[in-house]
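**Q** Top line first, the protein sequences correspond to chains A and B. Heads up, the first sequence is in this note's numbering, so the first residue is 1 and it goes up one at a time. Heads up, the second sequence is in this note's numbering, so the first residue is 1 and it goes up one at a time.
Just so you know, not all the hints are guaranteed correct.
Some but not every residue of chain B turned toward chain A, in silico, with C-beta under 7 Å [as the list claims (entries may be wrong)]:
#1 I150
#2 L166
#3 A204
#4 I207
#5 L335
With a straight-line Cα cutoff of 20 Å, these simulated EDC-like cross-link-like pairs (lysine to aspartate or glutamate) come out [claimed, not checked]:
#6 A:K117 to A:E211
#7 A:K117 to A:E208
#8 A:K117 to A:D216
#9 A:K192 to A:D39
#10 A:K290 to B:D269
#11 A:K218 to A:E245
#12 A:K326 to B:D236
#13 A:K327 to B:D269
#14 A:K156 to A:D332
The set of hints was computed from the structure by calculation and includes no laboratory data. Model, not experiment: these values are computed from the prediction. Glycine residues also receive a C-beta, built at the ideal position from the N, C-alpha and C atoms.
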Amino acid sequence: MIKRLFKKTEFIVALTTIGLSLIIGMINPTFFSLATVFDTLRSGTVVGIFALGTMIVIISGGIDLSFTAIAIFSLYVTTKLMLAWQYSGSVVLMYIIAAAIGTLLGLINAWLISSFKLPTMIATLGTQSLIQGFMLFFIDSQYIRNIPDGMDKFAKAQWFVTDVGGGPAKTSLHPGVLIFFALVIVVWFILKRTMIGRGIYALGGSREAAERTGFDTKGITVFIYAFVGFLAGIGGMTFGAYAREANPFALVGTEMDVIAAVVLGGTAITGGRGTVIGTLLGVLLVTIMKNSLILIGIPSAWQKVVIGIILIIGTGIPAYRSLTAKKQLNVDLAEQS
Amino acid sequence: MTQPSSVSPNDNYPTKTDFSKNILSLLRSDENITRLFVIMLVILISMSIARPEVFPTLQNFQSMAFQCSEIGILALGIMLTMITGGIDLSVNAIANLAGITAGLILTNMAPAGSTPETITLAIILAIVAALLVGLICGAFNGFLITRIGISPILATLGTMTLFSGLTIGITKGTGIFGIPEFQFLGNGDFFKIPIPFIIFIVMAIFISILLNRTTLGMRLYLIGTNPVASKFSGVDNRNVLLRVYALSGLLSSIAGIVILARTNSANADYGGSYVLMAILIAVLGGVDVAGGFGKISGMLLGLFSLQFLSTGLNMLLAEYRGANFFKIFSWGFLLIAIMVINYLSAQRKMKVKTKHIG
């Protein structure tokens, strides 16, 4: 039983996260506080939303490099539209528009991948430059700091305002976290409880087998990339609300961080395997790592080295295990025959 | 995609005896190369017509040759790994780390006012050290991929973070400068041909010979086409892959040396978009991401097309704000357009074939 538990990537990631937290906490006790929990949740939200989409694509055997461009496009264009309409109502409308723009852009990926059979990495590499370049040249490339009122109100929203250590400082939770948890449930439901979800896993396991079993692989592909676009739109909007600006140069280039979190969480880069829980743990680990290395006295100049090493070890352990397992299988087969 | 028999080692290798005839036969033999060649010519001619006073000038071609060398050398490394079905995302990080290493040696060993002997010694030492850094970094990638079993994209993603982290750590996030005597490698020319470009072409010829004339090259294609088959035909896949990634690291460090010499500085952030561009060039040139296909000739055509397009667009759109951004847009457009056209023409061919059989 325990042995089987140790074979689960999720379990190992959870152990690593707990171990890392304990070490950080021992070196710097201020780590164990409500403020850390709130901060981690807040800074994990955007990466988390992106990670959900990235996980779905990777489970299906593909890879998406364009979601950051889609996210920033959705955010920027939505903000511009709102300013042009002088709309100052609720942020909900902004979310709806951003999600719609994201879905439309995701459909471009879906079209290229399903109709022309382009390799997913190349198609999304192309759409990344296409979307970012289109926005920067044809729309605008100015920072927007003067964001619409609804967005500003949302940005300043606070829940559970709590005193920190008796001083005047207060900590609070941002409601944006709720959006993330709602999406987690939606993605979990799609993957585990619907035929489309089963199809996504089947597609990643073997396209051929999925087709012969009767899955509509084309339809599933269209759904995957449109849905990833949808998530990217929401993620982009949340990113903008947190930063309280619309910076057209942000996000693009950080897609590898998200992919790293997803893969650390046990999603197989070859497709067919991956869970929501694993991805959440991967995001948690990466977020704690990024936020807390400074707490344990690692100078910021060397933080990237530590992250690189953890990334290599994190991907290396499961890879080495499956490599030796394969070798063992070969030996067993040879002995039998 | 549709290149025939790219596994055979002597395929389409242009010899000195009848170069032009060989180029023609090369063009005819490979539809993708023909298409790229036409695209390159169309871009070249239309830009020359649109900006006759600035585009088709010696000076412009010189400056374009300077610009495309670094990225070209990086693209060679990425292309090699892509032919084996892998990828090397760490090329740019290795280039910067190697550049920093060389820069540190140069500035520490030969500060201003040193004797020519010291300077020469420092330059030799700096180059050797940079190459060594590239080789070690590349071999480390190869080790992770072949001995630990991490997939190439993840392994090099991790080392990309690690190597650029090392660069940031060593420099504390600031830049490092070279010495003026070193700049001849980056800014000099030889009979009007920029030295970086000569370095790039020499490397391209070297890789082309490696791919077409050596067993290693043949095995590279074989592994990319079908790793299981290559294993059972007696190829030591792990050994070949290890050497490919080491070579990619070595090429990256050469690019790093060129960057240091050309800009007289090195820092961790230089050329952030180079990795994606290098992949773009390789794919544009007909390298299959699934492995097994890819030729130097295609990659060269891809590189030159992109360079002509970028420079031309910069000239055309000089009066608009953000001409640079249109370049990003056009790269993405070009990549997708080429891939779609390749797919459609492969489809058409398939249809013709099935008709014949039917």
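**Q** All the hints need checking, so say for each whether the structure fits it.
**A** Results of checking the hints against the structure:
1. At its closest, the beta carbon of I150 of chain B sits 4 Å from a beta carbon of chain A; the interface hint therefore holds under the 7 Å criterion.
2. Taking 7 Å as the C-beta cut-off, the interface hint given for L166 of chain B holds, the closest approach to chain A being about 6 Å.
3. About 23 Å separates the beta-carbon of A204 of chain B from the nearest beta-carbon of chain A, more than 7 Å, and the hint is not met.
4. The beta carbon of I207 of chain B is not positioned within 7 Å of any beta carbon in chain A (closest approach about 22 Å), and the interface hint is therefore violated.
5. The beta carbon of L335 of chain B is positioned within 7 Å of a beta carbon in chain A (closest approach about 4 Å), and the interface hint is therefore held.
6. Note on K117 of chain A and E211 of chain A: the hinted pairing holds, with a Cα-Cα distance of about 15 Å set against a maximum of 20 Å.
7. The straight-line distance between the Cα atoms of K117 of chain A and E208 of chain A is roughly 14 Å, inside the 20 Å bound, and the hint therefore holds.
8. Restraint check for K117 of chain A and D216 of chain A: satisfied, since their Cα atoms lie roughly 15 Å apart, inside the 20 Å limit.
9. Distance restraint check for K192 of chain A and D39 of chain A: the Cα-Cα separation of roughly 30 Å exceeds the 20 Å cut-off, and the hinted pair is therefore not satisfied.
10. Taking the CA atoms of K290 of chain A and D269 of chain B, the gap is about 19 Å. The hint holds against a cut of 20 Å.
11. Restraint check for K218 of chain A and E245 of chain A: the C-alpha separation of about 38 Å exceeds 20 Å, so the hint is violated.
12. Of the supplied pair hints, the one linking K326 of chain A and D236 of chain B holds, its CA atoms being roughly 17 Å apart against a limit of 20 Å.
13. Taken as a hint, the K327 of chain A and D269 of chain B pair is broken in the structure, with Cα atoms around 41 Å apart against an allowance of 20 Å.
14. Simply put, K156 of chain A and D332 of chain A have alpha-carbon atoms about 61 Å apart, too far for the 20 Å limit, and the pair is violated.
Violated hints, in rising order: 3, 4, 9, 11, 13 and 14; the structure is consistent with all others.
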